[in-house]
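Undergrad: Protein chains in written order, with the numbering used here: chain A, 615 to 894; chain B, 315 to 501.
Don't take each hint at face value.
Unchecked claim - SDA-like cross-link-like pairs, simulated, lysine to any residue; straight-line CA separation at most 20 Å:
| id | chain 1 | residue 1 | chain 2 | residue 2 |
| --- | --- | --- | --- | --- |
| 1 | B | Lys-444 | A | Leu-879 |
| 2 | B | Lys-407 | A | Leu-821 |
| 3 | B | Lys-444 | B | Lys-392 |
| 4 | B | Lys-392 | B | Ser-379 |
| 5 | B | Lys-444 | A | Lys-641 |
| 6 | B | Lys-444 | A | Asp-890 |
| 7 | B | Lys-407 | A | Lys-641 |
| 8 | B | Lys-407 | B | Ile-326 |
| 9 | B | Lys-407 | A | Tyr-679 |
| 10 | A | Lys-641 | A | Asn-885 |
| 11 | B | Lys-407 | A | Lys-853 |
| 12 | B | Lys-444 | A | Asn-886 |
Said to hold, decoys possible - Rough simulated footprint, nothing fancy, chain B against chain A, three-plus residues with beta-carbon under 8 Å:
| id | region |
| --- | --- |
| 13 | 665 to 679 |
| 14 | 689 to 702 |
| 15 | 856 to 866 |
If you are wondering where the hints come from, they were derived from the structure by calculation, not from laboratory data. Computed from a prediction, not measured in an experiment: that's the story for all the values here. Just so you know, even glycine gets a beta-carbon here, dropped at the ideal spot from N, CA and C.
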Amino acid sequence: MNHLESALYWSSLSFEIVLCGFVFTRKVQRILPLFAAYTCVPLTCAISLWLTYEYFGFTSPIAGYAYWGSVVLTSAARSLAIAELCRYGLRAYRGIWALVWRVLTALSIFLIVHVAVDAWGQPNGVAIYGVTLDRDLALVSIVILAVLLLFRNYYGVALEPLQRAIAAGICFICAVDVIGDTILRNVYTGYLFSWFLTSQKAFWPALRPQVERVNDIWSAVHLSCFMISMGIWCYALRKPVPAPSERPVLLPAEVYRELSPTINLRLSTFNNRLVDLLKP
Amino acid sequence: MNELSIVILLAIALTGVLLWLLVPRHKSSRMAAPSFPSNVNDALPTAKHYVYFPQIRQALSEADSNYLRETAPPQVAKQALRERRAVARRFLKGLHEDFSNLARFGRIIAALSPEVSREQETERLILSLKFQILYSLAWLRLSAGNLPLEQLEHLTGLVGRLATRMDAAMAEISTLSARQIPRSLGT
Chain A
615 MNHLESALYW SSLSFEIVLC GFVFTRKVQR ILPLFAAYTC VPLTCAISLW LTYEYFGFTS
675 PIAGYAYWGS VVLTSAARSL AIAELCRYGL RAYRGIWALV WRVLTALSIF LIVHVAVDAW
735 GQPNGVAIYG VTLDRDLALV SIVILAVLLL FRNYYGVALE PLQRAIAAGI CFICAVDVIG
795 DTILRNVYTG YLFSWFLTSQ KAFWPALRPQ VERVNDIWSA VHLSCFMISM GIWCYALRKP
855 VPAPSERPVL LPAEVYRELS PTINLRLSTF NNRLVDLLKP
Chain B
315 MNELSIVILL AIALTGVLLW LLVPRHKSSR MAAPSFPSNV NDALPTAKHY VYFPQIRQAL
375 SEADSNYLRE TAPPQVAKQA LRERRAVARR FLKGLHEDFS NLARFGRIIA ALSPEVSREQ
435 ETERLILSLK FQILYSLAWL RLSAGNLPLE QLEHLTGLVG RLATRMDAAM AEISTLSARQ
495 IPRSLGT
C-alpha cells in the first residue's frame, strides 16, 4: 500500500468504528437490525482485508479475491438493509404493504436475474465479474429505493428522518459505485483486457503499473465517497433516535370496498368529460 | 451513445429522482399519516374552487367580451382579453387542485384499509396520469384561446357533484368510525 492508500484505509476504518459506535450507542439495532449489521460488514471486511494483506501480501492473488469477496459481501448486506427500509413503517399499513411487497419482490427478482445474466456473460477475470456484479447490484438498489419512495409519496406515508438519511447515504454510495464501476469495467474490458488473458502474459509486466494506477484511483474515489455516506449516517445519528411512530389504526375493510370503486368511477367520468372538452 | 454513457446518465437520473423524492415537501409531509390534523374535516380534502364558477362565468361571458371590443380601445381590449384567459387558466388550475384532493382522498382510504384491490389501485393511478395529460392539453387550448366556456362549465358542474358526493362519503365514514380516523390520522 502506498501513502494515499494507507491514509484512506485508516481514515475509512476510523469512520467505520465511529459509525458502529453511533449505531450501537443509539440502539439502532433494535429498530433496524439489518442496517446495524450492514454498518458492521465494512468494518469486519476492512479488518479481514488488512489481515489478508499482512499475511499474503497486498499484490497477491488471494488479496485480490478477498477484496472482491468483500465488495460482494458489502453489496449483499446493503441489499438486506434496503429490504429492511422497504418493510419499515409500511408493514403497519397492511393493505398497501401487501401490494408494495409484491411489486418490489417481482422487480427485485427480475433485476437480480438480469444482474446474474449480465455478470455471467462477462469475459474471464474475477475483477470483471466483481465490477459488473457490484455495478448492477448498486443500480438495482437505486431502482428499488426509487420505487419504494414513489410508493411512499403516492400514499402519503413519508419516511422518518433517520430512515431518510439512511436512504440518502445508500443512494449516494450506490450512484458513485454505478458510475465508477461502469468506467472501471470499460477500462478492464478495453485497453487493459490483456491483463486478464493468460495468452497475453508477455504484456503483464508492462501493464501492471497501469492496472495498479486504475485500481488506486477507483479505491480512492470509492473510499472517499463511502466516508461521505458514513458521514451522512453519523450526522443523522448525532441525536438519540426517536421512538418509532405509533401503528396506525386501520379503517374497516368495507369502507375501501364501498368507496374505492365509486371514487374511480367518478375520476373516470371526470376524465371522459375532459376528453369531450378537448374534442374539436 | 455507448453503454458507458447510458449507464452513467441512468444512474445520475435515478439518483436525481431519488434525492428529489427524499426532500421533505410541505404537502407530502401533511399527507403523511403521523402528521395529519386530528380533526377529520381538516384532514380530508374538499373541492372548493368550483363554487367560484358563477363569478368566472360572468367575467368570461361573451357579452362582456363583445362590450369590451366595441367600447374599449383595441390595445385595452386585447389586454383585458389576455387577462381574462389568465383568470380562466387559474380557475382550471383550481379545478386541478380539487381533482387532486379527491384522488388523494382515495389514496388515504387505501392506505388506511386492511386490504386493497390491485385492480382498483392500478385503475386510480392510470386515471390520475390520464388526467394530468388531459389537463395539460386543456390548459394549452385555454391559453391558445379556443376552449369554449360552456365546456368549462360542464367540467365545473361535474367537480361540484363529485365534491358533494365526497362530502357525503366523508360524513358516512365519520359516522362509521368516528374514533378510528382521528386516532389514525392524528397525533
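Undergrad: Against each hint, give a clear statement of whether it holds in the structure.
TA: So, going through the hints one by one against the coordinates:
With a C-alpha separation of about 14 Å, the suggested pairing of Lys-444(B) with Leu-879(A) holds against the 20 Å cut-off. Note on Lys-407(B) and Leu-821(A): the hinted pairing is violated, with a Cα-Cα distance of about 63 Å set against a maximum of 20 Å. At most 20 Å may separate the alpha-carbon atoms for a hinted pair to count; Lys-444(B) and Lys-392(B) exceed this at roughly 34 Å. Under the criterion of a C-alpha separation no larger than 20 Å, the hint pairing Lys-392(B) with Ser-379(B) is consistent with the structure, at around 10 Å.
With a C-alpha separation of about 46 Å, the suggested pair Lys-444(B) and Lys-641(A) falls outside the 20 Å cut-off, and the hint is violated. Among the hinted pairs, Lys-444(B) with Asp-890(A) is consistent with the structure: their alpha-carbon atoms are about 14 Å apart, no more than 20 Å. Between Lys-407(B) and Lys-641(A) the alpha-carbon distance is near 48 Å, which puts this suggested pair outside the 20 Å criterion. For the suggested pair Lys-407(B) and Ile-326(B), the alpha carbons sit about 32 Å apart, so the restraint of at most 20 Å is broken.
Between the alpha carbons of Lys-407(B) and Tyr-679(A) the distance comes to roughly 60 Å, so the proposed pair goes past 20 Å and is violated. Of the pairs offered as hints, the one joining Lys-641(A) and Asn-885(A) is violated, with about 50 Å between alpha carbons and a cut-off of 20 Å exceeded. The suggested pairing of Lys-407(B) with Lys-853(A) is violated, with an alpha-carbon distance near 42 Å, which exceeds 20 Å. At most 20 Å may separate the alpha-carbon atoms for a hinted pair to count; Lys-444(B) and Asn-886(A) meet this at roughly 10 Å.
Counting residues of the region 665 to 679 of chain A whose beta carbon lies closer than 8 Å to any beta carbon of chain B gives 0, which falls short of the minimum of three for the stated coverage. Only residues whose C-beta sits within less than 8 Å of a C-beta in chain B count toward coverage, and the region 689 to 702 of chain A has 0 of them, not enough to reach three; the restraint is violated. Counting residues of the region 856 to 866 of chain A whose CB falls under 8 Å from any CB of chain B gives 7; the rule of at least 3 is met.
Comparing the model with each earlier hint shows violations of hints 2, 3, 5, 7, 8, 9, 10, 11, 13 and 14; every other hint is respected.
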